[in-house]
Structure formats: C-alpha cells, structure tokens
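Protein sequences, first through last, are from chains A and B.
In terms of our numbering, the first sequence opens at residue 1 and continues consecutively.
In terms of our numbering, the second sequence opens at residue 1 and continues consecutively.
Keep in mind the hints are simulated off the structure, nothing from the lab.
Just so you know, these numbers come straight off a predicted model, no measurement behind them.
Glycine residues also receive a C-beta, built at the ideal position from the N, C-alpha and C atoms.
Careful, some of the hints might be misleading.
[As the list claims (entries may be wrong)] Calculated pairs, EDC-like style, for lysine to aspartate or glutamate (alpha carbon to alpha carbon, straight line, at most 16 Å):
id	chain 1	residue 1	chain 2	residue 2
1	B	Lys19	A	Glu189
2	B	Lys19	A	Glu146
3	A	Lys11	A	Glu126
[As the list claims (entries may be wrong)] Residues from chain B shown here face chain A by an in silico Cβ test under 10 Å; the list is partial:
id	residue
4	Lys13
5	Ala15
6	Ala18
7	Arg21
8	Leu22
9	Ser23
10	Ile25
11	Ile26
12	Glu29
13	Ala41
14	Lys44
15	Lys52
16	Asn55
17	Gly57
Chain residues, written in single-letter form:
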Amino acid sequence: MTRVIVITSGKGGVGKTTTSASISSGLALRGFKTAVIDFDVGLRNLDLIMGCERRVVYDLVNVINGEANLSQALIKDKHCDNLFILPASQTRDKDALTEEGVEKVLKDLSHQGFDYVVCDSPAGIERGAVMALTFADEAIVVSNPEVSSVRDSDRILGILQSKSRRAIEGREPVKEHLLITRYSPKRVEEGEMLSYKDVQELLRVPLIGVIPESDDVLQASNQGTPAIHLKDSDVAFAYQDVVARFLSEDRPLRFVSYEKPGILKRLFGGK
Amino acid sequence: MSLLSYFFGSKPKTAAVAKERLSLIIAHERTSNRAPDFLPALQKELIEVISKYVNVGLDDIKVQLEKQDNCEILEVNITLPEQPQK
C-alpha cells in the first residue's frame with residue numbers, strides 16, 4: 001500500500017521544500033521506494049533543492065495532460081537509487097492541476113510499487129495547496145516558532161480536516177504531525193521565541209520533530225543536496241530523527257536546549 | 001549587545017506576548033472558520049419555524065457550533081420576548 005504524505009504549512013518560506021527533500025531522501029535511505037512531487041505549479045523549486053534541475057524534461061502537468069508518461073517524467077535522485085522526483089510545471093495556468101489528474105498520477109505511482117509519495121505543497125491555500133493535501137494519508141505541518149506561521153498552520157490544519165478526501169469521505173482522518181523548523185534554543189531560553197511546547201500547545205498536533213536554525217540549510221541548498229545528507233550537521237541529525245519517528249521509532253528530542261555560557265562569559269556578559 | 005542590555009536592563013519577554021495573542025486569535029478563528037456551511041441556513045429556517053408561534057426576530061436566535069476535543073456541541077440560543085403572542 002502506498003502512503004501519501006503532504007508537507008504543508010500555509011505560510012511560505014518556513015521550510016516545506018527543504019523538509020520534503022530531506023524526508024523523502026530519509027525514507028529512501030531507509031530502503032523505501034519513494035517519490036517526491038513538487039505541487040508548486042509556476043514556481044518550481046524542489047528540483048533545485050534536490051540538485052536535479054538540469055535533468056528536468058517533463059513535469060507533473062505534462063503527465064496529467066498525457067504529454068508524457070510517468071516513467072519519462074520521474075527523475076532518479078543522484079544520492080538514492082530508490083528515490084524519484086516529479087518536478088512541477090513552470091506553466092502559469094492555474095487550472096493545470098486537476099483532481100482527476102492528480103489522482104491518476106498517484107494511482108500510477110502506487111501501481112509502480114512506490115512505498116511513499118511525498119507531496120511538497122506550495123504556500124497559500126489556493127488550488128495547488130489543496131491539490132497537494134487532497135489525497136494525503138499523513139500530513140507534516142511545518143511551522144516556525146513565530147506568530148504568522150503558527151496562525152497559518154492552524155488554518156491549513158482546518159483545510160486538511162475539511163477538504164482532504166479522507167475528511168470528505170468520512171474515513172479515518174489524515175494523520176497529522178507537527179514539525180517545527182528554524183528553532184533557536186538560545187532565543188527560546190531568553191524569552192524571545194515561542195518554545196516548541198508553546199507551539200504544540202497552540203496547534204494541538206503531535207510533534208514529530210524540531211529542526212534547529214542553522215547555516216547548514218543554505219549550504220545544502222547552494223549545492224543542491226538535501227540537508228539530511230550533510231555530514232556532522234545538527235540539521236541532518238534532526239531530520240534523521242524525524243524520519244525515524246515517522247517510522248514509529250522512539251527518538252528523544254535533540255537540539256532543543258541551550259547550554260548557558262561558562263563563568264567567564266557570564267562575568268563579562270552582563271545579567 | 002550584552003553590555004548594552006546590562007546598562008539598559010534586560011529585554012522584555014516577547015514570546016509570552018506572542019503566545020497570548022496567538023491563543024486568542026486561534027481560538028477565535030477556529031470557531032468562525034471551521035463552522036459548517038449549513039449554520040446560516042439552519043438559523044434562517046429556525047427563525048421561520050419559531051416565528052410562526054412566537055414573535056422573534058433575526059437577532060433573537062444565536063446558533064453556534066463549539067468543538068471540545070472530539071465532541072461537537074451545537075448550541076442554539078433563543079431569546080423569547082417577554083410577552084408571547086396569543
């Protein structure tokens with residue numbers, strides 16, 4: 001049975017594509033045959049984050065319109081043999097994504113024996129975002145510890161609970177997970193940033209992980225390498241933990257506490 | 001920075017303010033955005049039925065759907081006039 005996972009957030013720039021790239025890579029590293037689909041029609045970016053932008057020939061809309069078949073459009077990942085990328089179209093036609101079309105693509109992926117399909121949602125609550133979550137079995141809601149992101153996450157949770165197929169057909173609801181990204185334990189400690197407990201309390205969704213704020217994410221995207229592959233990076237470890245928890249393994253939270261500086265710094269650093 | 005804050009006192013804890021504001025707005029939006037589409041129609045029809053027997057206006061009936069964990073509560077509040085029509 002293929003499981004469809006949507007990575008969504010409402011607000012833009014919180015780390016959906018970074019997360020989609022890392023989680024799909026993480027699942028593939030665990031041996032699952034995985035596809036990751038970019039639903040951001042008109043603003044294709046997953047290909048850049050995955051480092052396959054020069055190998056894009058056909059895209060999601062080509063497949064939906066029957067201009068290419070699925071195997072022609074799927075791009076094999078350069079790091080993992082069992083990971084495939086389906087890029088978004090650069091068309092400006094907003095109606096290019098149809099529900100029937102998306103459903104057929106997902107069915108075809110299922111027939112090809114994929115274990116997981118990761119849907120990278122665009123920002124907003126428009127057609128692309130709704131299409132990305134319509135067929136989801138599980139949802140990872142990405143949120144930054146910041147007011148507008150948390151509010152938008154709550155909005156998208158509402159949409160998930162009303163517009164997903166599972167909701168409409170009255171089946172078991174989409175399994176929701178909360179992922180907090182760009183987390184700075186130091187700022188939380190100083191009372192400048194919402195803690196992960198605050199965000200979880202506000203959104204009331206089980207926490208799947210906390211990704212620390214890190215320069216490494218930019219380094220990874222510069223090179224077109226998903227952050228989970230980085231060596232000796234907190235971000236990579238945090239994403240590996242997220243994938244483990246997704247697969248129901250028990251992993252304690254890391255990178256959420258701040259170690260106070262030593263006595264010298266405290267002596268000269270005020271307070 | 002730390003020297004500055006030493007002289008000017010520590011910065012305010014804005015995270016607590018953020019949490020307070022968010023909990024209010026999210027609670028508000030959950031009730032208004034997640035209300036099912038049939039509520040206005042239900043309210044209208046209730047008024048039609050009740051006004052056959054009692055003189056009530058549009059503002060005398062409040063229909064609200066509240067969600068507490070897994071339990072949804074449909075609350076219909078009807079304010080009757082002091083002297084019902086005979």
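The hints, checked one at a time:
no. : hint                : verdict
1   : B/Lys19 to A/Glu189 : holds, 15 Å
2   : B/Lys19 to A/Glu146 : holds, 9 Å
3   : A/Lys11 to A/Glu126 : holds, 12 Å
4   : Lys13               : holds, 3 Å
5   : Ala15               : holds, 5 Å
6   : Ala18               : holds, 5 Å
7   : Arg21               : holds, 7 Å
8   : Leu22               : holds, 5 Å
9   : Ser23               : holds, 6 Å
10  : Ile25               : holds, 6 Å
11  : Ile26               : holds, 5 Å
12  : Glu29               : holds, 7 Å
13  : Ala41               : violated, 17 Å
14  : Lys44               : violated, 22 Å
15  : Lys52               : violated, 34 Å
16  : Asn55               : violated, 37 Å
17  : Gly57               : violated, 32 Å
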